[in-house]
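Q: Full structure from sequences and hints, please.
What follows is each chain in one-letter form.
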Amino acid sequence: MNMLYSIFVEPFVLMGSAPDLLIQTLWEGLVAGVLYALIALGFVLIFKASGVFNFAQGIMVVFAALTLVGFHEMGVPALLALILTIGVMFVLAVAVERVVLRPLVNQPDAILLMATFGLTYFLIGFGELIFGGSPKQMITRELYLPQGSTDLDLLGGLVRFQHIDIAAAVIASLIIAILAVFFSKTRIGRALRAVADSHKAALSVGISLGQIWVIVWFAAGIVALVAGIMWGARSDVSFALQIVALKALPVLILGGLTSIPGAIVGGLIIGVSEKLGEFYWGSLVGGGIETWLAYIIALLFLLYRPQGLFGDKIIERI
Amino acid sequence: MNGREMPVTVDVASLLAVENVSLSFGGVKALSDVSFDIRRGEIRAIIGPNGAGKTSMLNCINGFYHPTQGSITFNGERRRRMRPSAAAAGGIARTFQNVALFKGMSTLDNIMTGRSLKMHSGFFWQLLRHGPALKEETAHRRVVEDIIDFLEIQHIRRIPVGKLPYGLQKRVELGRALAMEPQLLLLDEPMAGMNLEEKEDMSRFILDVNQHFGTTIALIEHDMGVVMDLSDRVVVLEYGRKIADGTPQEVKRDERVVAAYLGLAHEGDQA
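In the order they appear, the protein sequences are chains A and B. With the numbering used here applied, the first sequence corresponds to residues 1 to 318, in that order. With the numbering used here applied, the second sequence corresponds to residues 1 to 271, in that order.
Since the hints were made in silico from the structure, they are not lab data. In this text, all values refer to a predicted model and were calculated from it rather than measured experimentally. Fair warning: there could be bad hints in the mix.
Pairs of lysine-lysine residues, derived as DSBU-like cross-links and limited to a Cα-Cα distance of at most 35 angstroms, are as follows [unchecked claim]: (1) B:Lys252 / A:Lys185; (2) A:Lys185 / B:Lys163; (3) B:Lys199 / A:Lys200; (4) A:Lys200 / A:Lys185; (5) A:Lys200 / B:Lys29; (6) A:Lys136 / B:Lys118; (7) A:Lys185 / B:Lys29; (8) A:Lys185 / B:Lys199; (9) A:Lys185 / B:Lys103; (10) B:Lys199 / B:Lys29; (11) B:Lys135 / A:Lys185; (12) B:Lys29 / B:Lys252.
A: What follows is the structure in structure tokens.
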């Protein structure tokens, strides 16, 4: 009885009696959710255009952030380091197309998936070799990202908004919006969707598969870089970020692998429910449910709605 | 038979010349030593029983396959290996036997992809969807709307093509090829699986494309009536070899063709 009370009643009483805490929790959940969505978007981009489930997307987030910080440590000014990092992500995209995708064209999806595992371990090793394995500080101030926080008097309590969180939410939303329009309304966007639908038809109208793959991998690299900067600014830049990046998997299961809106909604749902779960129910099991709640939600979805909220077919091949 | 007269002054130089082309996959010979040409402005049919190598021939012409031997000269340019995107850029468009459309995209978007090679605004303008990119989009949209009008498919402009009946899908696919404004249009069984009315519509479109736009057309077709009506010249393949080449009347009388193909015509009709 006591147990039921603390599961079904107490949390809601608390939400009602301290709405400022609820808002604080929701806000933190939303920020985390937008960033999850951003990482998931990287997966969706590549999956849509090449049918490859890119396991390396998580490590790309870490690699991009490490490269940025690494350049800066070598004495390169922050903005120049940013541009150089974008260049590195482009080179990575070209290299992946040449070395991984092109030789494996027409191979079963499982082989391409395994190739991205290989890419993951290559990036981990290569990153450690060049930048070392120790955690680094994100160069937040040098990139003119806002710091500090604002306390707003809301509903009888102070709600704290970290400026970096606001910036993260705004930038992530902006990128998602640009990509959505890009995908639906432009020549390259159409070509991306065309390649996703039929390789041979795309070839016959003169779309170059190689070029499209470079573009999506580059776009996914940029998305990874932004996600890396934002996560890095909230904690630090280390290979542990990869774990956070893997949170994109439950997001994808919720949203469906092929849907951009799905990635966004899925990200927000996961982000918010994690924070709410941790704050209101976490103490029942001794806390720490933030790390696994997302996977439980994903599991429920796999059982009852495996195609996700917006996905167009069941994920059968991975 | 179709009431057309070949203009006497037409430039009869070949648009495409296939010379001694052979193609094999491992030990299997799909084509052996095939030569023929396609003249500017004509409708050239490629016929033959199932497995004769007709589609392989088209795949060689538009760069999907590279001939093991021999050469293909298109527009005066001789080549043995060509990438499909290069063929498309050179003015070769095609449709497929089993319709290869972008099923999740609308009719309009499908046909717009045909304009891919003609649109040049840079990546960043497109990212912003502004300035040159927007102007370009509008201009090409106009061309595509004309094609949609021409093919009488205004009513399905916004529908995802995966939801359309087969006959209409074939028409959208033709539209996408036309959007490329090709010099040479390759049609792989444009009327397969169509009813009589749809076949008549499609025949009319093919003739219109040929006459009004002067597009050279190579088509594979099993329906002998259609082939005889539409084509100026016919090349006949059997087991990867050419067995006859000439006007429909000549080909119809050829003994080898009668033996190899016409005797089997009922089989092709099921396609």
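Q: Taking 35 angstroms as the top limit, are the C-alpha atoms of lysine 185 (chain A) and lysine 103 (chain B) close enough?
A: Holds, at roughly 17 angstroms.
Q: Does lysine 185 (chain A) sit within 35 angstroms of lysine 252 (chain B), going by the straight-line distance between their CA atoms?
A: The hint is violated at about 50 angstroms.
Q: Taking 35 angstroms as the top limit, are the C-alpha atoms of lysine 200 (chain A) and lysine 185 (chain A) close enough?
A: holds (22 angstroms)
Q: Has the given pair, lysine 136 (chain A) with lysine 118 (chain B), been kept, meaning a C-alpha gap of at most 35 angstroms?
A: violated (47 angstroms)
Q: Hey, lysine 199 (chain B) versus lysine 29 (chain B), does the alpha-carbon distance stay inside 35 angstroms?
A: Holds: lysine 199 (chain B) and lysine 29 (chain B) sit about 33 angstroms apart, inside 35 angstroms.
Q: Hint check: lysine 199 (chain B) vs lysine 200 (chain A), CA-CA at most 35 angstroms. Holds or violated?
A: holds (25 angstroms)
Q: Hey, lysine 185 (chain A) versus lysine 29 (chain B), does the alpha-carbon distance stay inside 35 angstroms?
A: violated (44 angstroms)
Q: Between lysine 135 (chain B) and lysine 185 (chain A), does the CA-CA distance stay at or below 35 angstroms?
A: Answer holds: lysine 135 (chain B) to lysine 185 (chain A) is near 13 angstroms, not above 35 angstroms.
Q: Do the alpha carbons of lysine 29 (chain B) and lysine 252 (chain B) lie within 35 angstroms of each other, as the hint requires?
A: holds (26 angstroms)
Q: Below or equal to 35 angstroms on CA atoms is what counts here, so check lysine 185 (chain A) against lysine 199 (chain B).
A: holds (34 angstroms)
Q: Does lysine 163 (chain B) lie within 35 angstroms of lysine 185 (chain A) when you go C-alpha to C-alpha?
A: holds (21 angstroms)
Q: Given the hint that lysine 200 (chain A) pairs with lysine 29 (chain B), does the C-alpha gap stay at or below 35 angstroms?
A: holds (23 angstroms)
Consistency with the previously given hints fails for numbers 1, 6 and 7, ordered from lowest to highest.
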